[in-house]
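K.L.:
Read off the chains here:
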Amino acid sequence: MNAQITERTGILTQGAVENLRDTKSWRSEEMTFLSYVSNIIPIVQVSAERAEAEEQLRVAVNLAEKASSAKGDFLATMSHELRTPLTAMIGYGEELLSTTLQMDQRQMAETMALSGKSLLSLVNDILDLSKIEADKLEIDHASFSMIEMIFEVEQLFSQRASIKGINFSVIREDSECEYLFIGDGRRISQILINLLGNAIKFTEYGEVTLTIKAEQKSRGQMICHFLVEDSGIGMSAEVVERLFQPFEQADNTISRRFGGTGLGLHISQRLSELMAGEVKVSSEIGKGSVFELIVPLEISNELAPKILSGTSVPKIITALRGSVLIAEDTPELQLLERRLVESTGASVEIAKDGNEVVTKALEAEYDLILMDMQMPGRDGIEATRMIRAMSCETPIVALTANVMQHHRDQFQEAGVEGFLSKPIQREKLHQTLQRYLHPVEEEETESVKPKAIIDEMLDDELITLFMESLTISKQEIELAIEQKQWKDLRLLVHKIKGTGTTFGYPEITTLARKIEEALIKDDSPLAIKESQQLLIEINAILK
Amino acid sequence: MMRIKQEPKVLLVDDESTMRELLSNLMRQEKCQVVAKAKNGEEAVNMYRIHRPDITFLDINMPGMDGVETLKKIREIDESAFVCMVSADAFIEMVEKLMKVGVDGFVVKPISQERIHQVVEKYRKMVESDDE
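Sequence lines, in order, name chains X and E.
Sequence positions in the first sequence follow our numbering and run 1 to 543.
Sequence positions in the second sequence follow our numbering and run 1 to 132.
The shape of chain E in the complex, shown without the other chains (with noise of 0.2 Å):
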């Protein structure tokens, strides 16, 4: 079967602009094309809903619809979605209550580009072994 190489499309989601131009700047050393940027959860629901894409990134701390909401309506359209959830810290209970919704990744803030990579690369591990 030919596998048709593509570069995987990421959605951006986070309050702060600067945040939002790190992350694209990552994407593209990750061969990542970013295809919406979203700056609150009621705009990243729309966002997936409309570009659908491979890879989103989302921050847990917005105002309004926080992370985790917005994770599980994210599910409620497409449960496979590939997720990474960004945050300023790792406490025990947002760890557990995101396995318990369902997530793919996990990074904290200051965001590193080798876990950036990591993510990314469990990604395409994922879509080769489903190819197979």
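This is chain X alone, in the form it adopts within the complex (with noise of 0.2 Å):
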């Protein structure tokens, strides 16, 4: 007898709780049945309230989900915004840079164009951590490189290192790096970029080393170590125990001496746990520091592709000549697109949108197309579509800030054959016109500084570096001869010994090394006559 009443009811109950759920008003035959019940079976209660409470969770998650597409979309247009008049800046700069100007003026505009790329380098690390924060930072997974990857690292930082006399180096201790591994090689260089850059800035001399080991975790999956350890100022145990929180350095001194934004180590580490690792650190005052990234990658069986060491050597920019349609609806960039292109020799056709470049793409011939992919109305992808489908075969490359993988990949299905990433870099984008015009068949031998064996072109902020560091170098050695501290200038000239042939000023080295042979013999008015003439061969460098 109790086991069927509470079966039936049971059900009855059920039935009650369903129409809870659609309508809110209640008949009175089930107001009087459910108030008797409820002394029964207090779930009906529960079960109203439950129903109350899933329909303010269904409005709470509805808001949230408006907020975090919100907050997506205000982080897409924020980056497109900060980006776009930043590229205009530093590309100008450099085009500046790239024609005849007066001593001062090249100052200036060297000053502007560095001013915009630390610029560019803060927006870049704010707009991580507003990613980071809002949960819409994507990790990359893709096979990339690792050899690749660590060659370019060790490219953008032997120079730096050279510069203040420091030995750089980087060991790759396992064979393992043969191989594509699968990950976000872009965040893992990123990381490592601010780890080295850490390790330079903060040393003053020795050395700073990059060391990569990879353990076998289980089939497939590796464990990858990157340690960046220098002989550099090193830290307390308090500043170690700081160190990974937003907008903190060492001491407040640091950012006056050293800049930087204190935001680098913490997004590095941020971006290590994205990818379910880890940074870590140990360091001793004046001994150094040992910073320690790791994180868990995908191998695969597929090697590598070889680095050819012609890479590494770069290239005159050969003239050219062809037809480029760019499809850029920014005016800034269009010019400075239009003066990149142009400056090569070929001709330049600018849309200002994506109808225009497919009327245009349709009514002529051209030998490459430039398309910016985020552009108002139709955009690069629509764009490319219609042109293919009008089976216009014209090669196409992207511009764009989009480089993930899926990004890539839905450009290649519209019939994109390659992708330039924003802000476009002249060395790329003159590869990419090599690819597709045609090369000019006379010699042509523009003077090139005979000195320097790097084109002026591409290492630009390296050149500036040199110079700004050759200018200070140049003031403290005046300093040190008219105050007789030999053993700074010892420093100095033992510092120009090592940068100068690298640059290619031999001159300079051989001189430094005079001076320094002349200090260790204590012969000091030889030392004081031979500075005499490196300050006269750095000011002749300097012109």
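It should be emphasised that the hints constitute simulated quantities derived from the structure, not laboratory data.
Every residue gets a Cβ at the ideal spot worked out from N, C-alpha and C, and that includes glycine.
Among these hints, one or two may not hold up.
Quick list of the computed label-pair ranges, beta carbon to beta carbon [what the hints assert, rightly or not]: (1) E:K73 <-> X:V59: 50 to 60 Å; (2) X:P305 <-> E:E121: 21 to 31 Å; (3) X:M467 <-> E:K109: 54 to 64 Å; (4) E:K73 <-> X:L274: 53 to 63 Å.
Hints given; two lone chains; assemble the complex.
P.N.:
Right under this line is the structure:
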């Protein structure tokens, strides 16, 4: 008997609950019944509360999803709005520097270009941090070449270390690096650049080493260790504890002395965590620091393509002929991109939106179409699809800030052959142009600075750094001579000895060596005489 | 499966005889066989029905029934007809309209051999992938 009642009321209360959910108006019989039942089975009350709670939850989730997507839109817009004028600033700065300028004009232009680059770096950091905070930062899952990534990082820092007179070396402990790994190569590279940049920044003499180890966790799974060791100023235990907080620096004189926002390490740590890894540090004041990035990565059984030694040698830009159609909606970037392409000798046509590029692509023949992927109205992908649908096979290269694997797949599907990431790097643009346009037959030998071995158009930043460093050295040498500080002088010329030949100025290396030898023998008069000569040489270079 | 290599059969439609001549020459270079020529839309539809060409080159600007109308009528006969439009310009509205109706190629006068080659190649690739 009891069991029967329980079953019947159970079924009846279920029905009542269903009605509760659909409508909020209750019939009087149900009210009576429910109030009777509620004495026996409190589940009904709970269900009603739960139904209302569920409704509230639905509303809240809906609002949160809207807020989240609004955040995403905001970040995307901000990213574009901030990067576009910066791209223009840096691009025009470099263009300006490639023209003939007076010394003071050049210095001003270099300062502007450098400031633009610093600002871009800061903007990138802030945008990264915002994305991480909003849970909108995606970690790529694509195959990349470990050796290529290490090679690029090595290229980036070996000159910088050399200028400071620091020994920089890269040690690869395992042969696994030869294979393709699967993960986010770009973000790992970003972390390494942050760690190495710090190591070099906070080290005055001695060495910085990058060691890569890969241990096998299971089949196809590796744990990769990247160790950045330096013999720099080191940090105390308290500093280490606070190190990864955003905006934290070892002490508040650091940003004045060394620059930097204090965001880099925090972002590196968050990125490593998003990749299921971590960043560890150990340090001792006066001895130096070791930063270790540990990240699990899948390894493929495909070998990475070999790096040809030729690729590290910067080429002189060859003159080209051909016609390029550029689809770009931002006026400043239209002008910039036009200049960049026209400087090779090729002709340029601009389309200011997706519709125009389709029309122009079909109405005339071009050797190459550079397609901005993010244009309002008809975007780059749609325009590409339309052009391909009309069986026009003109090569299309995407210009895009979106470089994730799934975006690349989308572009490829639409009919794009390659892509250039924004902000556009001159070297990459020239490589692309050389691929699709034809070189001019006649030999063009524009007189490159006879002593410099690095093409000025490619390494503006390094040349600038070198010149700055040289200017400071000059002033310090003059001061040391005046105050007869021979120990200081010796350190200064030692540094110059290391960098002179590297940058194509062997004369100052020779002179520096002579001065050093003279100082070792305590021959101050000789040292002074040679130093005067050195200063004359340095002045000539700085002109 | 043995694939018989044939020359694609082509229908040329243009109200100007010089254009028909030019396209004929280009077809010879592309190893295509011109099976019929038409000088207006109505003739084009008739020729299509009779010859069932592999590729049709269709002028947009013709007196009487224009290119788009003709295209629609051809598609009524054969939905999968491979048609390339020929036009003096590429206004975006026209391109959009053609995409809606369904078109396989679009070349703008003056006609370049390269573009014609691209169209014929597209047809050849399509046939190859159908065979697979």
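K.L.:
All hints are to be evaluated individually against the structure, with a verdict given for each.
P.N.:
Tested hints:
For the pair K73 of chain E and V59 of chain X, the beta carbons lie near 55 Å from each other, so the given range of 50 to 60 Å is met. The given range of 21 to 31 Å is respected by P305 of chain X and E121 of chain E, whose C-beta atoms sit roughly 30 Å from each other. Against the hinted window of 54 to 64 Å, the Cβ-Cβ separation of M467 of chain X and K109 of chain E comes to about 56 Å, which satisfies the hint. Under the hint 53 to 63 Å, the C-beta atoms of K73 of chain E and L274 of chain X, about 58 Å apart, fit the expected range.
In the structure shown, no violation is registered for any of the earlier numbered hints.
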